[in-house]
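Trainee: Please work from the sequences and hints to get the whole structure.
One line per chain: the protein sequences are D and L, in this order.
Numbering (the working numbering) for the first sequence: 1 to 252.
Numbering (the working numbering) for the second sequence: 1 to 311.
Hints were generated in silico from the structure; no laboratory data involved.
Just so we're clear, the structure is a prediction, and the values are computed from it rather than from any experiment.
Do not take every clue at face value.
As the list claims (entries may be wrong) - List of simulated lysine-lysine pairs, DSS-like, C-alpha gap at most 30 angstroms: (1) L/Lys101 to D/Lys21; (2) D/Lys195 to D/Lys139; (3) D/Lys197 to D/Lys111; (4) L/Lys101 to D/Lys93; (5) D/Lys195 to D/Lys111; (6) D/Lys9 to D/Lys111.
Claimed, not checked - To give an idea of the interface, some chain L residues facing chain D are shown, with a C-beta separation under 7 angstroms as derived from the structure: (7) Ser190; (8) Ala194; (9) Ala197; (10) Leu198; (11) Gly199; (12) Ala200; (13) Thr201; (14) Glu204; (15) Pro212.
Ideal Cβ placement from N, Cα and C applies to all residues, glycine included.
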Amino acid sequence: MNCKVQIDKLNIHFGQTHAVKDVSMDIAANSVTAIIGPSGCGKSTVLRSINRMHDMTPSARVSGRIILDGSDIYDRSLDPVSIRRRVGMVFQKPNPFPAMSIYDNVIAGYKLNGLLVKKEADQIVESSLQRVALWDEVKDRLHRSAMDLSGGQQQRLCIARTIAVRPEVILMDEPASALDPLSTLKIEELVEELKEKYTIIIVTHNMQQAARVSDVTAFFYLGEMVEMGPTKKMFTTPEKKQTEDYITGRFG
Amino acid sequence: MVNSDKHRNGDALFKGIAQFFALSIIAILLLMTYRMVAESMPSIRAFGVSFISGSNWDAVQGQFAALPYLYGSVVSSLLALLLAAPLSLGCALFITELAPKRLGVAIATLVELLAAIPSVIYGLWGIMVMVPWLQSTVQPFLIEHFGFIPLFSGAPYGVSMLAAVFILMIMIIPIITSITKEVLLAVPQSQKEAALALGATRWEMIRIAVLPYGRSGMLGAVILGLGRAIGETMAVTMVIGNTPQISLSLLAPAYTMPSVIANEFAEASSKLHSAALMEIGLILLVVTLIVNSLARLLLWSVSRKLGGGAK
Numbered sequence: 001m002n003c004k005v006q007i008d009k010l011n012i013h014f015g016q017t018h019a020v021k022d023v024s025m026d027i028a029a030n031s032v033t034a035i036i037g038p039s040g041c042g043k044s045t046v047l048r049s050i051n052r053m054h055d056m057t058p059s060a061r062v063s064g065r066i067i068l069d070g071s072d073i074y075d076r077s078l079d080p081v082s083i084r085r086r087v088g089m090v091f092q093k094p095n096p097f098p099a100m101s102i103y104d105n106v107i108a109g110y111k112l113n114g115l116l117v118k119k120e121a122d123q124i125v126e127s128s129l130q131r132v133a134l135w136d137e138v139k140d141r142l143h144r145s146a147m148d149l150s151g152g153q154q155q156r157l158c159i160a161r162t163i164a165v166r167p168e169v170i171l172m173d174e175p176a177s178a179l180d181p182l183s184t185l186k187i188e189e190l191v192e193e194l195k196e197k198y199t200i201i202i203v204t205h206n207m208q209q210a211a212r213v214s215d216v217t218a219f220f221y222l223g224e225m226v227e228m229g230p231t232k233k234m235f236t237t238p239e240k241k242q243t244e245d246y247i248t249g250r251f252g
Numbered sequence: 001m002v003n004s005d006k007h008r009n010g011d012a013l014f015k016g017i018a019q020f021f022a023l024s025i026i027a028i029l030l031l032m033t034y035r036m037v038a039e040s041m042p043s044i045r046a047f048g049v050s051f052i053s054g055s056n057w058d059a060v061q062g063q064f065a066a067l068p069y070l071y072g073s074v075v076s077s078l079l080a081l082l083l084a085a086p087l088s089l090g091c092a093l094f095i096t097e098l099a100p101k102r103l104g105v106a107i108a109t110l111v112e113l114l115a116a117i118p119s120v121i122y123g124l125w126g127i128m129v130m131v132p133w134l135q136s137t138v139q140p141f142l143i144e145h146f147g148f149i150p151l152f153s154g155a156p157y158g159v160s161m162l163a164a165v166f167i168l169m170i171m172i173i174p175i176i177t178s179i180t181k182e183v184l185l186a187v188p189q190s191q192k193e194a195a196l197a198l199g200a201t202r203w204e205m206i207r208i209a210v211l212p213y214g215r216s217g218m219l220g221a222v223i224l225g226l227g228r229a230i231g232e233t234m235a236v237t238m239v240i241g242n243t244p245q246i247s248l249s250l251l252a253p254a255y256t257m258p259s260v261i262a263n264e265f266a267e268a269s270s271k272l273h274s275a276a277l278m279e280i281g282l283i284l285l286v287v288t289l290i291v292n293s294l295a296r297l298l299l300w301s302v303s304r305k306l307g308g309g310a311k
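Mentor: Next comes the structure, spelled out in structure tokens:
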């Protein structure tokens with residue numbers, strides 16, 4: 001297995017709270033890994049540590065190692081900004097930039113350094129929107145506000161914005177939980193396609209979704225990883241009783 | 001319930017009282033405007049539009065026109081705003097985004113304390129400390145090196161438009177900073193995280209996520225500052241030199257609308273003179289009302305946007 005992200009004895013504290021306990025996971029390149037578990041189990045916390053999002057929370061303390069292509073992203077010599085360019089993130093609620101047009105939202109990551117000629121920008125916008133199957137819906141109104149789009153379209157725009165900067169890993173934090181069933185389906189199909197180019201880690205509270213989109217599933221409970229394995233096996237013959245109870249809906 | 005009638009009466013009474021107070025605010029504003037219009041009628045009849053366009057103010061001859069005061073108020077306030085806005089924005093950004101939490105809170109508190117200092121104290125500081133410094137150091141320097149620009153020509157009087165601009169700048173920084181701070185705090189975390197996840201540095205996050213989101217709110221803050229600057233009387237009166245003239249030079253003394261009212265009202269002997277002062281007050285009232293409504297409207301549009309959620 002070609003290991004893209006290796007999490008090694010990860011512990012995360014918020015003040016006195018020990019939110020994530022001794023979690024170790026190996027995540028293969030070009031696969032979809034789903035993290036499931038009841039609310040408050042630490043699944044989003046783990047996800048957000050993979051692109052150092054906790055750096056912005058003063059009370060958060062992260063220990064252990066997260067190795068991306070052989071180097072520890074928490075190494076002091078590494079700039080979190082350079083990590084986040086390689087590890088993109090899609091959030092629970094669609095969060096396009098409201099003051100920007102659809103077009104500008106897609107290339108927002110490039111606006112940071114400002115180095116983009118118009119022709120190149122056009123190309124990136126078109127190919128990114130094509131990839132998220134939004135191009136046909138918005139190609140005639142690229143310069144209108146992103147807020148005119150529906151929730152599902154906004155979320156696909158956010159995914160387009162993320163892949164436009166060509167990350168290696170995409171983190172998705174319950175990307176469909178605020179969307180209607182049809183939009184959810186579109187996002188799921190998209191995840192399926194995106195794994196050809198990217199390594200995807202998706203947090204979801206929807207078990208059917210995990211079963212549909214992921215290759216590997218990890219089950220979290222109370223800050224610990226209970227079990228991780230091939231999705232098919234996890235949903236049919238899990239090894240741990242807790243996993244089985246959760247998957248069959250006996251708790252959570 | 002035995003007491004229910006009593007309770008209901010209490011409610012009705014309370015509602016009535018509250019309503020009376022609320023309506024009395026509107027009544028006060030209307031009555032005030034009415035009185036001001038009535039009192040300034042002699043001047044409005046005598047001078048008409050030329051009151052705003054002319055610049056001759058001569059109490060002995062009975063000639064009154066307000067342009068120099070209008071000019072002084074508008075120019076001093078706008079220039080003060082021009083200087084105060086970027087300073088306040090920087091200050092608010094530091095408090096909300098850059099400073100460690102405790103330091104941010106400390107600075108925010110200090111800034112708000114600045115707003116509580118009575119304006120006469122600012123004026124006193126202005127006339128005892130700032131004006132002599134301007135006269136001995138800043139103005140000679142400006143005249144020597146930039147004197148060829150009309151803006152900085154003339155003699156170093158100390159008291160001047162420049163002095164008023166500086167004092168107003170200091171006085172409006174607190175209000176602009178504290179409102180801008182609130183606007184920036186209202187920017188959702190999800191917007192900032194969206195920028196960070198794209199590999200934005202802190203500054204880039206501020207540029208693409210924080211500032212655009214807070215744009216109209218910050219504009220509201222600035223306009224509120226303008227409203228305050230236009231109405232400021234005491235401190236400006238003490239440092240601007242009180243000379244009704246329109247000069248391009250910032251070093252020349254000038255005069256503002258509130259200052260002339262404060263200075264001349266007690267000694268206005270003729271009816272026309274006091275009517276003219278009243279008309280200046282009326283103009284001031286209208287200008288500040290417009291400016292403040294505009295600011296409220298912009299701030300209101302921000303809170304409405306936030307209330308509406310993502311869509």
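Trainee: For every hint, state whether the structure bears it out.
Mentor: Verification of the supplied hints:
1. L/Lys101 to D/Lys21: holds (28 angstroms)
2. D/Lys195 to D/Lys139: holds (25 angstroms)
3. D/Lys197 to D/Lys111: Given that 30 angstroms is the threshold and the Cα spacing comes to 23 angstroms, the pair holds.
4. L/Lys101 to D/Lys93: Roughly 27 angstroms between the alpha carbons, so the hint for L/Lys101 and D/Lys93 holds.
5. D/Lys195 to D/Lys111: holds (26 angstroms)
6. D/Lys9 to D/Lys111: Violated: D/Lys9 and D/Lys111 sit about 37 angstroms apart, past 30 angstroms.
7. Ser190: OK, holds: L/Ser190 within 7 angstroms of chain D, min 4 angstroms.
8. Ala194: holds (5 angstroms)
9. Ala197: L/Ala197 check passes; min Cβ-Cβ to chain D is 4 angstroms, inside 7 angstroms.
10. Leu198: holds (4 angstroms)
11. Gly199: Hint on L/Gly199: holds, closest Cβ of chain D at ~3 angstroms, below 7 angstroms.
12. Ala200: The hint holds - L/Ala200 has a Cβ within 7 angstroms of chain D, the shortest such distance being about 5 angstroms.
13. Thr201: With a minimum Cβ separation of about 5 angstroms from chain D (threshold 7 angstroms), the hint on L/Thr201 holds.
14. Glu204: Nearest chain D Cβ about 4 angstroms off; hint holds.
15. Pro212: holds (4 angstroms)
Hint check: a violation occurs at hint 6 only; the rest are consistent with the structure.
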